[in-house]
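If you're matching positions, the sequence shown starts at 47 in the numbering used here and goes up one per residue.
Think of the hints as simulated: they come from the structure by calculation, not from any bench. Some clues are possibly wrong.
As the list claims (entries may be wrong) - Here are the simulated DSS-like cross-link-like pairs (lysine-lysine), alpha carbons at most 30 Å apart as the crow flies:
| # | residue 1 | residue 2 |
| --- | --- | --- |
| 1 | Lys61 | Lys74 |
| 2 | Lys155 | Lys214 |
| 3 | Lys240 | Lys201 |
| 4 | Lys194 | Lys217 |
| 5 | Lys155 | Lys54 |
| 6 | Lys214 | Lys249 |
| 7 | Lys167 | Lys249 |
| 8 | Lys214 | Lys270 |
| 9 | Lys201 | Lys250 |
| 10 | Lys181 | Lys269 |
| 11 | Lys181 | Lys250 |
| 12 | Lys181 | Lys217 |
| 13 | Lys181 | Lys249 |
| 14 | Lys181 | Lys159 |
| 15 | Lys74 | Lys51 |
| 16 | Lys167 | Lys54 |
| 17 | Lys139 | Lys187 |
| 18 | Lys63 | Lys74 |
| 19 | Lys274 | Lys249 |
| 20 | Lys274 | Lys302 |
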Amino acid sequence: MDEDKQLKVRERNRKCKQWFRKKKQQQKGSDRESLGDSGNEVLPQPRTNMQSSENELTSSTGILTVTLPFQSKSKSTSGKKRVSRALSRAYRKVETLEDQNEELRRKLKTAQKRLQRNDQKTNQVKLITNTPTGKTDRLLKESGIDPKSVPEVRKKLIYGECLSLEVKLAKETQGNKSNRKQIIHRVALGRVMKRYRMMSTLKKHTQLNRKMSFASKSIEISKKVRLKRVKRQGFQFLERVDNSRMMPGKADAKVKFRQRKSRKGSFMTICITFTRGS
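All chains, please: the whole structure from these sequences, using the hints.
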């Protein structure tokens with residue numbers, strides 16, 4: 047771009063110099079012609095009596111026209127009009143800057159239109175390819191792989207996208223119920239994710255908190271687990287020998303279905319069943 051501008055400026059300067067030289071040569075030629083005319087002037091001859099009488103007759107009858115050889119003031123003698131070099135240089139610079147400004151404005155409009163078309167195209171692609179299949183195909187194409195050439199890899203990637211989407215939707219549908227959210231966390235978070243360093247990726251795709259960790263993957267509801275624990279502790283407490291309300295013979299046992307069971311255990315079972323039924 048700068049080289050083209052410099053070439054244009056040089057071409058303009060060369061044409062200006064040629065014009066000035068031609069004008070100077072024309073002025074010199076006009077000066078020579080004027081000097082030649084003044085040198086070839088005819089000197090006035092002495093008038094005779096006949097000529098004087100003829101002039102008198104013509105003067106009496108008509109108007110006498112006389113052309114005097116006055117030399118016209120040429121441009122060479124009047125002086126050449128001078129232009130400041132700094133001013134002409136400034137004019138050329140302003141003209142060059144105006145051309146550059148116009149070119150840059152045109153490029154700016156082109157870039158803005160291109161950006162607008164690109165944004166519209168990107169939004170359309172996002173709306174179309176927001177599914178697991180679309181995400182997988184776009185990922186393979188960006189990696190330079192044709193999705194049709196690797197069907198098994200494509201299938202596994204789609205499977206992973208579907209699982210991530212299912213976990214994300216399950217978490218969102220639970221709302222603020224922390225007990226139900228813990229079930230999802232217990233399924234997704236564990237040693238395998240930590241071992242292969244996929245915790246941050248899991249959070250990115252499913253929005254699960256990677257800082258939560260659980261000792262086991264048991265997904266039983268906490269209320270049921272608590273009831274079972276209380277029931278087991280109640281049986282253990284009532285079956286203790288020091289807490290038994292049976293009289294002597296509590297160490298006795300009876301055989302039932304070929305199994306030896308103490309009578310106090312069966313008695314406590316009957317009591318608990320009776321109270322629960324009432």
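Checked hints:
Pair hint Lys61 plus Lys74 holds up; C-alpha atoms about 20 Å apart against a cutoff of 30 Å. Note on Lys155 and Lys214: the hinted pairing is violated, with a Cα-Cα distance of about 43 Å set against a maximum of 30 Å. As the CA atoms of Lys240 and Lys201 are separated by approximately 25 Å, the hinted pair is consistent with the 30 Å bound. Between the alpha carbons of Lys194 and Lys217 the distance comes to roughly 33 Å, so the proposed pair goes past 30 Å and is violated.
Proximity of Lys155 to Lys54 is assessed by CA-CA distance (about 25 Å); at most 30 Å being required, the pair is judged to hold. The straight-line distance between the Cα atoms of Lys214 and Lys249 is roughly 10 Å, inside the 30 Å bound, and the hint therefore holds. Distance hint between Lys167 and Lys249 is fulfilled; the C-alpha atoms sit about 29 Å from each other, no more than 30 Å. Restraint check: the Cα-Cα separation between Lys214 and Lys270 comes to about 26 Å, which is no more than 30 Å; the hinted pair holds.
With a C-alpha separation of about 21 Å, the suggested pair Lys201 and Lys250 falls inside the 30 Å cut-off, and the hint holds. Restraint check for Lys181 and Lys269: not satisfied, since their Cα atoms lie roughly 40 Å apart, outside the 30 Å limit. The hinted pair formed by Lys181 and Lys250 meets the criterion: a straight-line CA distance of about 15 Å does not exceed 30 Å. Restraint check: the Cα-Cα separation between Lys181 and Lys217 comes to about 21 Å, which is no more than 30 Å; the hinted pair holds.
With a CA separation close to 18 Å, the supplied pair Lys181 and Lys249 stays within the 30 Å bound. Annotation: proposed proximity of Lys181 to Lys159 holds, straight-line Cα distance about 28 Å (limit 30 Å). The straight-line distance between the Cα atoms of Lys74 and Lys51 is roughly 35 Å, outside the 30 Å bound, and the hint therefore fails. Straight-line distance between C-alpha atoms of Lys167 and Lys54 comes to about 40 Å, which puts the hinted pair past the 30 Å bound.
With a CA separation close to 51 Å, the supplied pair Lys139 and Lys187 exceeds the 30 Å bound. Taking the CA atoms of Lys63 and Lys74, the gap is about 17 Å. The hint holds against a cut of 30 Å. Restraint check for Lys274 and Lys249: the C-alpha separation of about 34 Å exceeds 30 Å, so the hint is violated. Among the hinted pairs, Lys274 with Lys302 is consistent with the structure: their alpha-carbon atoms are about 26 Å apart, no more than 30 Å.
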